[in-house]
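Could you use the hints to bring the two separately framed chains together as a complex?
Protein chains in written order, with full-length UniProt numbering: chain A, 1 to 396; chain B, 1 to 300.
Simulated from the structure, these hints should not be mistaken for lab results.
Nothing false has been slipped in among the hints.
Lysine to any residue pairs mimicking SDA-like chemistry, simulated, CA-CA at most 25 Å apart:
| hint | chain 1 | residue 1 | chain 2 | residue 2 |
| --- | --- | --- | --- | --- |
| 1 | A | Lys-221 | B | Leu-114 |
| 2 | B | Lys-294 | B | Tyr-277 |
| 3 | A | Lys-276 | B | Ile-119 |
| 4 | A | Lys-221 | B | Tyr-277 |
| 5 | B | Lys-294 | B | Arg-100 |
| 6 | A | Lys-221 | B | Val-228 |
| 7 | A | Lys-234 | B | Phe-268 |
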Amino acid sequence: MKKKFAFLFVGLFFLSACSAGPSGGSAGAAGDNSNAGNQQEGDTIKVGLNLELSGAVAGYGAQEEEGAELAVEKINEDGGILGKDVELVTKDNKSDNNEAATTAANLTTNDNIVAMIGPATSGAVKAAIPNVTKAQVPMVTPSGTDDSITVSNDQVQEYIFRSCFQDSFQGVILAKYATDNLEAEKTAILGDNSSDYATGLTKAFTDEYDGDIVAQENFTKGDKDFQAALTKLKETDFDVLYVPGYYEEAGLIIKQAREMGIEQPIIGADGFGDEKMIELAGEENVSNVFYTGHFSALAPANDTVEPFIDDFKGKYDKEPSTFNALSYDAMLMIKAAIENEDSADSTDIAKGLAELQDFVGVTGNISVDQDHNPEKPLVVVGFTDGEESSAETIEP
Amino acid sequence: MELMIQQLVNGLFLGSIYALMALGYTMVYGIINLINFAHGEIYMIGSFIGYFLIQSFNTWQVLPNAWGFFAALAISMVVSAFLGVVIEFLAYRPLRKSTRISSLITAIGVSYLLQNVMIYFFSPDSRPYPQSIARKTYSLGVIDISNIQLLILVVSVTLMILLQVIIKKTKMGKAMRAVSVDNDAAQLMGINVNRTISFTFALGSALAAAGGMLIGLYYNSIDPMMGVAPGLKSFVAAVLGGIGIIPGAALGGFVIGLIETMATVFGFSDYKDALVYLVLIIILLVRPAGILGKNIKEKV
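Bound conformation, chain B alone (with noise of 0.2 Å):
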């Protein structure tokens, strides 16, 4: 029983970090019918960011420890924000009144162009993340949980309750919404299409920036390709919670999360990634809308 629990726990804080990445899928699906693909190599450059943001604070002796984390975590998100924001600009913009598939193909073109242009700069290997955050482990009576896994799903939680007020509460917030339900109507009405888009480009790049941090912080261990499975994993969570739905985006993360934990308790350790994307096509199959997607009847 114990052992579940820390299973369970374990699998939590997988899936809060696949949750903070499909918030970026489903944000910018909900919005424009686009699956951004590159979003996984946003929270790989977010982490590689970081790295070098803390590595220059050790150097020059600023800010050590926590708050050099905390305040590459700020700028890391800021910069990734800014990436998201012209990547937006350069390759999908163009393509808005095209195919749904030429925008797909685009956003898979980018995704393999930075993976590429980071291992031709940065080379492929994996480096170890500099653990600005020395680690505690607490002893929760039956379960063990460590300070980083702690600071991973409240930074997580945190994004995700401000990510939902944005969205409910601020003008921008109300524009995003107004824009996913209709596009044209909602310039009609005076909304800045193209400023709304971007927008929700940063915030979805941001937070995927904030999760290749918090993961480069609790691995020890980042690289060029760190992005492809998660971002693969936090697509199907997306799909699975129902995408477009900002909720569902979370908690399609961490039931992933708590898949492939559980894959690995029944041992079926060698499945686990095939038991995610089983999931994928069962939800397709039976319910297409995701868990908390409403079927929408289309009226003949």
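Next up, chain A with everything else stripped away, as it sits in the complex (with noise of 0.2 Å):
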């Protein structure tokens, strides 16, 4: 019976060794080829969406979805990029790191995509990094904020693009908000230290930061008990408390804290942006907080957000979010990127999109920078009673 075991897993072995060789193999071949990449083909230009659609941030990725389902109505609408039509190749990665990993595989190696949109959170993009490198398919992600996805160990990733800006900046902006516009000289801090773009967020902040931080604590991803954190921070004398972290949990500490009694502002940054948050809060509890923005209809940063509106209305009878403008900026770059190189094969639009400059998208005029962060404005928007009440633009 043992030795059966031990062939088993001896047969195992080698199994997986051989599935891992070629592939390999091809990654080095392809490396040397001057038609690196994957290649135009027919006549759809194919854009593959590796989106989180179900799975614990499936609100994130549903939007993005839509957003650019939208774009490709329009481009093909308008007769399409340098005459072809757009295929969008959707596939779900379940809000797993990993399965971001395997679909991004997937579609650059099966569907034979020219350009991925997605994933819709840093740690799935990450993850899908490899693979799309691999494949020299560029990939921008609506969302991914973290600072190193694109750039790591000072190295700028070749392939890899974005429509919004990095959590560095957010938390920078923020600082400035915080004593610029709140007059907050004190601040405290109830972060998620469980996930990059909290961690992130939290130490651009407190770099950037004026006034004294006059306490931190810290949560993990699915706490939903913030009474002993709030209570304690309820003593400290603060202006301002900023939470940095997602909407699951920063609704419940926004309803905790105000059902305490804290009615200081509350501040933080994209990941507050769902409907959730406030549902979860409850919308009595949402007032005086405010979150960094890609995108607002009450704050149109050109000409093109009104008639994003009302197609998206059109399309959907419902406001477009956040996440919606952000893939449709995404699918938009990818289309001046294909215009400006003359050519769909993916390592042209690659450099297409390194190159982008001066793009009108409906969240902001954006310029690729060196580093392949769009350069663009920020808006901060408020709350009051569950209502977005205010909305501000922030320039870099």
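Laid out in structure tokens, this is it:
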């Protein structure tokens, strides 16, 4: 019996070694080949969507799918790109980082896409980087804001781009906003220390902030009880509560803080940007809450915003959200890159994206900088009783 | 000082939920020496049943507000009790005579199965719980307490007392105690062992469901993975109090709640989960029978 198992294991080991072999070899070969990456073939330009359509952050993925679909519909109505129709290949990465990597490999090798949109979260994007880099297909994430996505170890990731700004930028702007607009001299931080996103935000904020950080407490993803931390914070004298984290915990923090009588402004980054945040907190509790957004209908960045909102309402019968707008822009950035390069081969698209300047998107006028990050204005939206009540545009 | 009292109160409410769940672990362990890892999932399913009931009460305009919550609580407890019995019948009973490790692995399997079934049907998103009881905060001198916190404490303490009465005063309770001492001897005395074990699962599951609903109301957020962390922590609570001992589980629950809260008070919020498991390790090293457990000397 034991012997049988031993054979089985040895067999499995060899099998897995075999399957790893050829793909490694082809990657090496692709590097020397002048026709590297995926070529555009036939009458359609295939763009992949690698999104969180189910799982913990399905909210983001579903919205980004809508935005990209609307963009493609518009592009095809207007005659496509270089006379060719755009075809979306949508795949669900189930909000799982490993799955995101597999999906990326699947889209680039099996579906022969020339560019990819997604994933929505930083962790999933990072997991997908090796596979898209190997396939030499550019990836534009609409909402992966972690700094190390585009630049890691001082090395710019050649095939990775984004239509959103990076975390450090949000943290810096929030620090400025707290000082200039909310006149906060003392800030308390209640941050998620289990995600790259939130720790990046915390670091950027603390580096930039001029006032005092009087208290800092941490929580981890999935926590539901913040009573102890909030009770402790309530006793400290602070002007603003900064909550770097996602909407699930932020909603509960806002609810528990307001019910406990903490009336100070609560600020956060784009991770707050989901309807669920308001539902979880309860409408009556979401007042004096501010977060940085990429897009607000109250503060349109340029003339493209109004038609975008109309088109979106026409197709989906609701107001477009930040994530809708960002993936809409991601698709249009790819279109602009193809047109500038006059080629829809994946390596050319990557080149076009890297050189993209003064692109007019619904989330602002974007110029891609040398680190592959878009330079564009940022909006801080404010809430009263669960309704968006203010939006201020802040230039970088 | 005021701050400290408020924090102790916070810990107490958190602890009462752990205590409710720990009772289920401890009863099942006491009676068939099985750590029922699917217990956290019953807690989750209990809260989902309550969620759908309250929502349908609201749409049909029957039993508004607090009455709706209590009606949903009662129904959810009954349904979850039934579910607990079904799980026992399908997953644990066929394995009762096999090794303990195989039952344990089955329990873990059932736990994953329930999580994934719920994710499949109801999406993994967390959803806001209907706030059928409006929150009011009372200021009692130095501390603030809300009506929901009071409700949690009252419901859990009532259920714990009720449980103690069932076990000490009823015939079924007597049978449970007998089976926990010696399964075979109990059978020889004419006790229907299968029925007694089913009853134990029913009781434990009903308590877990109550915990799940109270937590839903308290935090306004439920999701299919909500049972994992509290499940593990109340297991620690059961071991801490002395697994198999009912008052021990209640005590352990409160202690875990207080440890977590105090960890945050003293600036170890990063390590509060680690601290709970550290306590588990220490108790297993120093006093493996738990706080209220008796050290039974084995005769050689």
